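Taken in sequence, the protein lines are chains A, B and C.
Position 151 of the first sequence, counting from 1, maps to 151 under our numbering, and the rest follow consecutively.
Position 160 of the second sequence, counting from 1, maps to 412 under our numbering, and the rest follow consecutively.
Position 190 of the third sequence, counting from 1, maps to 694 under our numbering, and the rest follow consecutively.
Derived by calculation from the structure, the hints in this document are not laboratory data.
Source: prediction; values computed, not measured.
For lysine-lysine, the following BS3-like pairs were computed, each having C-alpha atoms within a straight-line distance of at most 27 angstroms: (1) A:K193 <-> A:K160; (2) A:K243 <-> B:K486; (3) C:K549 <-> A:K238; (4) B:K495 <-> B:K418; (5) A:K234 <-> C:K549; (6) B:K418 <-> B:K501; (7) B:K495 <-> B:K451; (8) B:K490 <-> A:K45; (9) A:K160 <-> A:K199; (10) B:K297 <-> C:K738; (11) C:K738 <-> B:K495; (12) B:K486 <-> A:K155; (13) C:K711 <-> B:K400; (14) C:K742 <-> B:K297; (15) A:K45 <-> B:K486; (16) A:K207 <-> C:K652; (17) C:K659 <-> A:K234.
Not the full set, but computed from the structure, chain A residues with beta-carbon under 7 angstroms of chain B: (18) G11; (19) S13; (20) D14; (21) A18; (22) K25; (23) G72; (24) T73; (25) N122.
Just so you have them, the derived chain C footprint on chain A, three or more residues with Cβ under 8 angstroms: (26) 36-48; (27) 56-66; (28) 222-236.
Glycine included, every Cβ here is placed at the ideal spot set by N, Cα and C.
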Amino acid sequence: MAIITLATDYGNSDGYNAAVIGVIKSLSPGAEVIEITNGFSSIAKTSLVLWRYYSQFPKGTIHLVVIDPTVGTSRRALVGTDGNYCFVGPDNGIFTRIMEACPDSQWYEIDPTRLPANTVSNTFHGRDIFAPAAAFFANGILPESFSKKINDAVKVDIPKPIITAKRISGEIIDIDSFGNLIINISGESLGDKPKVILKGKKLRLGKFYADARPGNPIAYIGSLGLLEIALNGKRADKYFQVKVGTPVKVTI
Amino acid sequence: MAIITLATDYGNSDGYNAAVIGVIKSLSPGAEVIEITNGFSSIAKTSLVLWRYYSQFPKGTIHLVVIDPTVGTSRRALVGTDGNYCFVGPDNGIFTRIMEACPDSQWYEIDPTRLPANTVSNTFHGRDIFAPAAAFFANGILPESFSKKINDAVKVDIPKPIITAKRISGEIIDIDSFGNLIINISGESLGDKPKVILKGKKLRLGKFYADARPGNPIAYIGSLGLLEIALNGKRADKYFQVKVGTPVKVTI
Amino acid sequence: MAIITLATDYGNSDGYNAAVIGVIKSLSPGAEVIEITNGFSSIAKTSLVLWRYYSQFPKGTIHLVVIDPTVGTSRRALVGTDGNYCFVGPDNGIFTRIMEACPDSQWYEIDPTRLPANTVSNTFHGRDIFAPAAAFFANGILPESFSKKINDAVKVDIPKPIITAKRISGEIIDIDSFGNLIINISGESLGDKPKVILKGKKLRLGKFYADARPGNPIAYIGSLGLLEIALNGKRADKYFQVKVGTPVKVTI
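Can you make the complete structure from the sequences, with help from the hints?
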C-alpha cells in the first residue's frame with residue numbers, strides 16, 4: 001500500500017484539500033493519504049520543511065506538495081524521483097533542496113493530456129493534475145508514461161555560508177513556530193570550540209536548551225544537522241529581534 | 253473498506269474531533285476516517301464546500317459533517333444518500349446544495365434510541381449520534397433500521413441569479429482563503445463574449461490568472477464550473493473591497 | 505492493525521509532525537496514525553483533553569502525546585499503560601488525569617539506548633524517542649524491553665472541589681473553543697435541585713443549551729460528566745468575563 005503525503009497552502013476552510021484527497025482515493029483506492037499540512041506559505045520554507053520530513057518516511061513514499069502561487073501561468077507541473085522517494089508538485093522551486101541533496105534525482109514535466117480523462121481546470125491543478133499524477137505513482141505507473149524528462153527544473157536560491165579558515169559567515173534560513181532560529185551552517189563544519197555570534201552576542205555551543213539558564217540563549221546542532229539558536233523556555237526570534245536573512249557568524 | 257470523511261467546526265485544541273474518530277473506529281474498525289477540516293464556520297459556506305469535494309471521493313464514501321450551532325435544541329439529526337454517497341449531520345441546511353444537485357436524494361431522521369447503547373449526551377451529538385450513525389453506514393446497515401424517512405429536511409436559502417436575454421445578475425457567494433471571489437453564475441450560461449461587471453469595473457473572461465497582468469483582475473470559469481474573479485498574484489477581495497453578497501453582473 | 509493517535513504542539517508550518525509520522529510508518533508500516541491535533545498548548549489542558557478522547561478509541565490504541573516545553577532537559581521520556589490503552593510522551597504531567605482515573609496504570613522510563621539505532625537529537629524527541637517507542641508498542645514489543653518501571657511519574661496539580669453537606673466549591677478548569685466553561689464538579693455530586701452560582705449569577709440546571717432563551721446562560725452536565733456552563737448561541741467566557749480558575753459554587 002503506497003503512502004502519499006500531502007502538503008499544501010490550501011487552508012482549512014475551503015475543502016480544496018478534500019477534493020485532492022478524494023481524487024487520489026478514487027484513482028488509487030489502496031493509497032494511504034497522510035495530510036501533513038494545509039498551512040504552508042512560502043516556496044523557500046516549503047523547500048526546507050520538505051527536506052526535514054521526506055526521508056523519514058518509508059522508501060517508496062510519494063510526496064505531493066502543492067504550494068503554487070503561479071498556478072494558471074505557464075509554469076510546468078513536475079514529478080520526480082531520487083530513487084527512493086517520489087515527488088509531485090509545481091515547478092517553482094519547492095524541490096530545490098531535494099535536488100541539491102540528490103544530484104542524481106530525475107525530474108519530469110507532466111503531460112496533462114496523458115492523465116485520466118477529467119476536466120482539467122486552469123486554476124485547480126492540485127485536483128486536476130497533481131492528484132492524478134500522485135495516484136499514478138501509487139499505482140506503479142512509471143513517470144515516462146505520462147511525463148517527459150527535463151534537465152532544467154526551477155530552483156530557488158539557497159543561501160550558502162562563506163567558509164574561511166577561521167570563520168564561517170551564514171544566516172538565519174528559517175524560524176520555526178517555537179521561535180527557534182535555523183542557520184545555514186552545518187554542524188560538521190563547526191570544529192571543536194566554536195563561538196557563535198548573533199547581533200554581537202557570543203554564544204557557546206551546548207547540547208540541550210537546558211545548557212543555558214532559563215531565559216538565556218544557546219547554540220546547538222539541531223535535528224536537521226544544522227546550527228540552531230534557541231532560548232531556554234522563550235522565543236529566540238523575539239529575544240534577538242531577528243528574521244530570516246539575519247547574519248550569523250561562527251569563529252572556529 | 254469504507255471511507256468516512258469528517259468535517260467539523262470543533263477547532264484543534266479540545267479533542268472533540270478525536271472523540272468522534274475514536275467512536276467511529278470502535279464501532280467500525282475497518283473504516284478509513286479522513287479528517288477534512290475542523291475549521292468550518294457557517295452553514296452556508298459548509299454547504300458550498302461540501303458540494304466542492306463530496307463527489308471527488310469514491311462512490312460509497314460517507315460524508316460526516318458536524319457544523320451544529322443549534323446542537324441541544326429540537327433540530328433533527330439526519331442521514332441521507334443520493335445513491336452514490338452517504339451523508340450524516342445535523343438538519344440545519346448544511347446539505348442544501350446536495351439536495352438541490354440531487355433532487356432524488358433520500359433523507360432520514362436518526363432515532364438515537366436505535367444507535368448502540370451509549371450515554372447520549374445533550375451537547376455532544378458528534379460523538380454520541382453522528383459518529384455511530386456514520387459507523388452504521390460503514391458497516392452496511394441500512395438507514396431504515398435506525399432512522400425514518402422525512403421529506404422536509406431543512407434547506408438554507410441559496411441565492412439564485414436573475415437571468416434575462418442580455419444580462420445575468422448574480423452575487424458573490426463565497427470568498428476562498430486566497431481571496432478569490434466565487435459567484436453564483438454558471439459558466440455554461442455565459443455565452444461567447446461576456447462582460448463581467450463588479451463595482452463598476454468591466455472584466456473580460458480569461459482562462460488563467462495569468463491572462464491578467466500581475467496585480468490586475470480577471471474573470472474565469474473556476475473549478476466548480478462557476479464564474480470566479482481573482483487577481484493575478486493578490487487578493488481580489490481586498491482589491492475590490494467586496495464581501496459575500498456583493499452583486500456581480502454579466503452582459504451577454 | 506494498531507492505531508496510534510498523535511497530538512502535539514508542533515503547529516502546521518514546520519513539518520515536525522510529518523517527521524514523527526514518517527518515523528512511525530518506517531518502523532511499523534501497518535500502524536494507522538491518526539493525527540488528532542498539532543495545536544495543543546498547555547500541559548494542564550492537554551491532560552484534560554486526552555482524558556476526553558483516549559477511551560473512545562478501540563482498546564489497544566496507542567496515544568502519543570508530545571507537548572514538551574522542557575525537551576532537552578533531564579525530564580524523563582515515558583510510556584505507560586492502563587491495561588487497555590498505551591501512552592507515550594514526556595514525563596511532565598500530561599498524563600496526570602489518566603493516572604488519577606486509573607490508579608493501577610503502569611509507567612516506565614524509556615531508555616533511548618534500547619530504541620532502534622538512529623541519531624538521537626537533543627531537541628527533537630518526538631522524532632527520535634517518542635515515535636520509535638510508539639512504533640514499538642504497535643509492533644507488540646513490551647515496555648519492559650526498552651524502558652524501566654517507575655513509581656514517581658510527574659503529576660500536575662488538578663484543582664479539586666471542596667464538598668460540604670450543602671455546598672460544593674469548584675472552579676473553571678477549561679474553556680473550550682466555543683467559549684463553554686468546564687467546571688471541576690462532577691454531575692453525580694449535584695443532587696436533585698442544585699443552584700449553580702457564577703460571579704453572583706444563579707443558574708438552574710438544564711439539559712440542553714436551548715433550555716435557556718437565546719443569549720442566556722445555562723448550566724448542564726456536559727459530555728465529560730462534569731458541570732458546564734454555556735450560553736445559548738454565544739460565548740459564555742465573554743458573557744461572564746471569566747477565565748480558567750474562576751470559582752463556581754453549587755448549593756445542593
